[in-house]
Each structure stands twice: as C-alpha cells, then as structure tokens.
Amino acid sequence: MPELPEVETVRDGLERLVVGARVRDVEVLRGYSVRRHDGGPESFADQLRGRTLTGAARRGKFLWLPLDDASALLAHLGMSGQLLVRDGADPWVHPHLRVRLHLDASPSGATALDFVDQRTFGYLAVADLLPTPDGDDVPAPVAHVARDLLDPLLAPGTPGRAAVVAAVRRRRTGIKRALLDQTVVSGVGNIYADEALWHARLHHARATDRLRPVEVARLLDAAEAVMREALAVGGTSFDALYVNVNGESGYFSRGLEVYGREGEPCRRCGTPIRRSPFMNRSAYWCPVCQPAPRGANAHP
DNA sequence: ATGCCTACCTGGGAGC
DNA sequence: TGCTCCCAGGTAGGCA
57 MPELPEVETV
67 RDGLERLVVG
77 ARVRDVEVLR
87 GYSVRRHDGG
97 PESFADQLRG
107 RTLTGAARRG
117 KFLWLPLDDA
127 SALLAHLGMS
137 GQLLVRDGAD
147 PWVHPHLRVR
157 LHLDASPSGA
167 TALDFVDQRT
177 FGYLAVADLL
187 PTPDGDDVPA
197 PVAHVARDLL
207 DPLLAPGTPG
217 RAAVVAAVRR
227 RRTGIKRALL
237 DQTVVSGVGN
247 IYADEALWHA
257 RLHHARATDR
267 LRPVEVARLL
277 DAAEAVMREA
287 LAVGGTSFDA
297 LYVNVNGESG
307 YFSRGLEVYG
317 REGEPCRRCG
327 TPIRRSPFMN
337 RSAYWCPVCQ
347 PAPRGANAHP
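When you line the first sequence up against the numbering used here, it's residues 57 to 356, in that order.
Treat each hint with caution, since some may be false.
Claimed, not checked - Pair ranges (Cβ atoms, derived):
1. S338 / P208: 21 to 27 Å
2. G311 / F177: 39 to 45 Å
3. P269 / L186: 29 to 35 Å
4. G311 / G213: 33 to 39 Å
5. P269 / A126: 36 to 42 Å
6. A218 / R310: 29 to 35 Å
7. R92 / G319: 38 to 44 Å
8. T176 / R72: 26 to 32 Å
Calculated from the structure, these hints are not laboratory results.
Keep in mind it's a predicted model, so treat the numbers as computed, not measured.
From the three backbone atoms N, C-alpha and C, an ideal C-beta is built for every residue, glycine too.
Based on the provided sequences and hints, a complete structural model is requested.
Right under this line is the structure:
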C-alpha cells in the first residue's frame with residue numbers, strides 16, 4: 057500500500073514523536089512479522105530491549121530507526137503496514153497489531169510504538185548499519201535498494217539523476233516495470249507510476265531502450281513532482297488502511313489523475329480511462345494521451 | 001546476468 | 001445469509 061510519500065509521512069511522524077525514547081519492552085504478537093530478523097522473535101526483542109531510538113531514516117519505501125549501538129530497527133510496511141504511536145496508559149489493541157514496542161523516556165510522552173499490518177507482507181527487523189560509498193549508512197537488507205527521487209544525490213541536474221536516466225534506458229523491458237524496479241530507482245509504486253506516466257504522456261508498455269533520454273528525464277521529473285505533491289498533503293489514502301503515526305489519512309486521493317479512475321474521463325482530453333492487467337495488478341492509462349506502442353497487446 | 005513469475009497473507013466488496 | 005471470486009498501495013526468490 058504505502059509508497060514513498062506515505063512512508064515519508066510516517067518517517068516524519070516517528071522523528072517528531074519517538075526519537076529519543078528508550079525501548080522498555082517488546083511484544084511480538086505474530087512471529088511472521090519479524091521473519092526477516094536473523095534469530096527469531098526472542099532475538100528481535102533482546103536486541104531492542106534497553107536501546108534508545110536515535111533517529112528516523114528512509115530510502116525509498118524502507119524505513120529505519122537507528123539505535124544507540126550501530127544497528128537499526130528496520131521497517132517495511134509492505135501493502136498494509138502501519139506504525140502507530142500510542143500515548144495512553146492502556147493503549148487500544150488494534151485487531152491487526154503484530155508487534156508492540158513499549159517505550160519510556162520519550163520526549164513526546166509516547167508510551168508505545170505499534171506495528172499494525174493486516175496482510176502481513178510488511179515486517180520489522182533489527183539489522184546492522186552498513187556504510188555506503190557516499191557516506192551514509194543503511195541497514196544491510198537495504199543495501200541493494202537504489203536511492204529515491206527525493207534523495208539530494210538524485211536531484212534534477214545532478215550526475216546521480218543522469219545515471220538514473222541511463223539505468224532506466226539500459227533495461228530491456230517496459231517503462232513501468234523499470235520504474236517499479238527498486239534497484240533502478242526506489243520509492244515509486246503502482247499508484248505513482250501510473251500518475252507519472254500519465255503526466256509524461258507515456259504508455260506503460262513503451263520499451264525502455266526505445267525511449268529518448270529526454271522522455272525518461274521528463275518521466276522522472278513527473279514522478280518526483282507527483283510524490284512531492286502527495287507528501288505535502290500527507291500521502292494517498294483510500295481507506296483506513298493507510299494512515300500516519302496518529303492514525304490520520306492523507307488527502308492525495310483527490311489529486312490522482314488516472315489511478316482507480318477506469319471509465320471516468322481523462323482530465324486532459326475527456327477520453328474514458330482504461331484499466332489493463334499488469335503484473336497481477338492493474339495499469340490505468342488514457343488511450344489518447346498515452347498511445348500504446350505496437351505489440352502492446354502481447355505485453356499490456 | 002537479467003528479466004519474469006509466483007508466492008507470501010488477510011479482508012473487503014461484488015455477484016450469485 | 002453465505003458462498004465464491006476478484007481485487008488490493010510490495011518484495012524476494014527461483015526459474016529460464
């Protein structure tokens with residue numbers, strides 16, 4: 057569910073509310089939610105108990121809280137994960153609560169950090185922080201993930217941004233597949249991919265190696281812009297499944313131009329928006345503004 | 001090495 | 001009501 061703007065909204069909330077807090081105790085209610093932690097649920101709890109949360113960082117859709125011992129609490133929200141900050145003495149237990157960190161010494165008064173996850177595709181883990189060539193540290197499971205379009209090292213006009221354009225064009229696949237590949241550029245998911253392609257007037261099945269550099273550059277600009285707009289209003293929510301750390305929804309669903317609008321008129325040309333099967337999901341697109349390449353029926 | 005596909009889960013809503 | 005089917009914002013791992 058959450059893409060970069062939603063994860064960044066959560067990161068920002070954690071930075072405000074739980075950095076500086078100490079983990080007093082850990083309850084793992086569903087072992088599967090820590091399956092990517094080496095050592096299992098007991099080890100997960102042991103490595104967190106007594107540690108202080110010293111920051112809140114993010115790359116793409118991966119989020120982590122560095123600890124006071126050169127490791128970090130890593131979170132991926134998957135399709136339905138939430139991190140909710142509690143401050144009551146006896147906080148409500150959400151039906152999909154998977155892990156609860158009991159906190160003390162929190163400057164904001166937070167008493168618990170809850171990991172709630174309906175579909176359980178998300179996870180928490182404690183992992184070592186590894187240095188990158190550019191000087192920042194990332195948890196080991198994030199080492200293969202590319203930087204994202206809000207990263208200063210990928211800002212427009214930088215060599216980093218040009219390298220992303222080249223990496224996209226080097227792929228031998230459809231442009232949307234490349235945009236969703238987190239090892240090419242991270243943070244873009246199904247919603248913002250479709251939005252960016254609509255803004256850039258590109259069909260999702262266009263071959264990467266037949267796009268001109270300027271077309272790819274405009275697509276990346278569009279993806280960055282739409283994610284910044286979404287972030288400014290707290291992200292995209294269709295329902296209570298995506299919420300910030302206070303349980304509140306964002307407002308960007310109002311700003312979506314194509315995603316979820318099958319049959320409704322394109323806001324540029326009035327043509328009904330189409331929905332096509334794509335990677336076991338859907339691609340939403342305007343057949344006039346985003347003409348399909350030849351042979352797109354074989355690879356919709 | 002690179003690209004594609006499926007599995008991993010739970011639940012809401014539509015259709016019968 | 002209740003069953004079945006379809007759909008959902010993601011990623012890793014295994015296969016060709």
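Quick rundown of the hints versus the structure:
1. S338 / P208: 21 to 27 Å: 33 Å, violated
2. G311 / F177: 39 to 45 Å: Hint violated: Cβ distance 26 Å, outside 39 to 45 Å.
3. P269 / L186: 29 to 35 Å: 32 Å, holds
4. G311 / G213: 33 to 39 Å: 26 Å, violated
5. P269 / A126: 36 to 42 Å: About 40 Å separates the Cβ atoms of P269 and A126, which means 36 to 42 Å holds.
6. A218 / R310: 29 to 35 Å: 34 Å, holds
7. R92 / G319: 38 to 44 Å: Holds - the Cβ-Cβ distance for R92 and G319, about 40 Å, lies within 38 to 44 Å.
8. T176 / R72: 26 to 32 Å: Holds - the Cβ-Cβ distance for T176 and R72, about 27 Å, lies within 26 to 32 Å.
Going through the hint list in order, the structure does not satisfy hints 1, 2 and 4.
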